[in-house]
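Trainee: Modelling step: build the complete structure from the supplied sequences, incorporating the hints.
Chains as they are written, first to last, in full-length UniProt numbering: chain A, 1 to 121; chain U, 1 to 121; chain G, 1 to 121; chain V, 1 to 121.
Calculated directly from the structure, the hints in this document are not laboratory data.
Remember, it's a predicted structure, so these values are computed and weren't measured experimentally.
Treat the hints with care, as some may be off.
[Claimed, not checked] For the chain A half of the interface with chain U, some residues (derived, Cβ under 8 Å), not all of them:
no., residue
1, Thr38
2, Thr63
3, Lys67
4, Phe70
[Said to hold, decoys possible] Reference excerpt, derived from the structure (chain U facing chain G, CB under 10 Å, subset only):
no., residue
5, Ala64
6, Lys67
7, Lys91
8, Leu92
9, Val94
10, Thr115
11, Ile119
12, Leu121
Even glycine gets a Cβ: it sits at the ideal position worked out from N, Cα and C.
There are 4 protein chains.
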Amino acid sequence: MALLGATLEVCEPGVVHIGLQCHERVMSHIPPAVHGGTVGMIADSAMGFAGLTLADVGEQGVTAEYKINFLAPAVGDQLIARGEVFKKGAKLTVATAEVVAVQPDGAEKKVAMSTATLIPL
Amino acid sequence: MALLGATLEVCEPGVVHIGLQCHERVMSHIPPAVHGGTVGMIADSAMGFAGLTLADVGEQGVTAEYKINFLAPAVGDQLIARGEVFKKGAKLTVATAEVVAVQPDGAEKKVAMSTATLIPL
Amino acid sequence: MALLGATLEVCEPGVVHIGLQCHERVMSHIPPAVHGGTVGMIADSAMGFAGLTLADVGEQGVTAEYKINFLAPAVGDQLIARGEVFKKGAKLTVATAEVVAVQPDGAEKKVAMSTATLIPL
Amino acid sequence: MALLGATLEVCEPGVVHIGLQCHERVMSHIPPAVHGGTVGMIADSAMGFAGLTLADVGEQGVTAEYKINFLAPAVGDQLIARGEVFKKGAKLTVATAEVVAVQPDGAEKKVAMSTATLIPL
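Mentor: Encoded structure:
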């Protein structure tokens, strides 16, 4: 994440937001947008960290699987991945994320939505 | 992908393999493995490119969605994401990928499996 | 759906709810809960119909894919699958659904959440 | 499954095939094909049972999530869902299934592919 320049914007119980400036290094040329794999990476991280905010002390977790739908090209000044725990269970936790692209005028465009299954280790 | 140091290993009609050396920049510290988002990125790319190998001249495509299951920590000398078109259709194409980690003795360990839905633009 | 005894509870632009009484015919014996495939079927239908509520006259649509996470055994008096369009696009639409089990005291328990990719025909 | 008239065709370690005659009760009218939810149900069952064939005596399992891509209308004499364990792990197992429609001349048409995450109870 450091390699990408991602930043932690919000971290509360069950909720984590990750920001990513749309700088040149993370942009594809064709099309001129942030690569889907990068969008997936910040969504995945936002969901994984959201799950960790509800874990017991010393408990670790891993992502068993995630799924992401791309809704529009990831173009804007900044991406924000908003991860949230949908249901925490004893054996697995389900989290969701939406990724928006913040436009120069501050408006947000939905670019992706994702779900993940997290398991404690 | 250049940022990660990924390389194109195989590119045939319907099949694309992408390699990634497990160098320090793409490793997480806890656990000491390649980050799931990075594994997702090479799987996504292998599937997207596999779809493109069957596209008509001038046709472009985008990934509508992908899903990835993580099977084991991505630890080894190199990761290989093997993407393959499962079914090419007029309105959408489904591709799959498996990601393996090549061990020092050459053995391969399955680390992830993925499916993607691709649409022509 | 008729075979299962499912009913249309809500049908508004972008939103469709489907109900299913937890009668004996749709219950598994071990565990004593509505079969996951049946839960998937009402979630799938709620999302597909939610997409259709926003379609143009004469336009048909199909589900390209759906994914469902099971959160708890589907036990209760009735299941309700609440489908909603998350984003309608020209080439594809993404919908989500949550399935709840209504308990004898009226409380709702989350039993599944799902996402679907719909394409116009 | 009995309600649908599904039958167990193959049951070996790690592999389960489920058949479904395309009789009138499981067909939609528009389009004239087996309903996607029914296709999902036999795929889900084939994967779940495939996982159970590798379980220890007395161990039970549940499906944490599944995902299915629809590839073509489910039209034919019979559907066959071929479930297979892709990787069995201690905490979770990943299985895949493909569903084919057997045509009057015996040819098979791919109608769906699916993946599932199974957890032991």
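Trainee: So, against the hints stated earlier in the document, which numbers end up violated here?
Mentor: Checked against the structure, no hint fails, so every one of them is satisfied.
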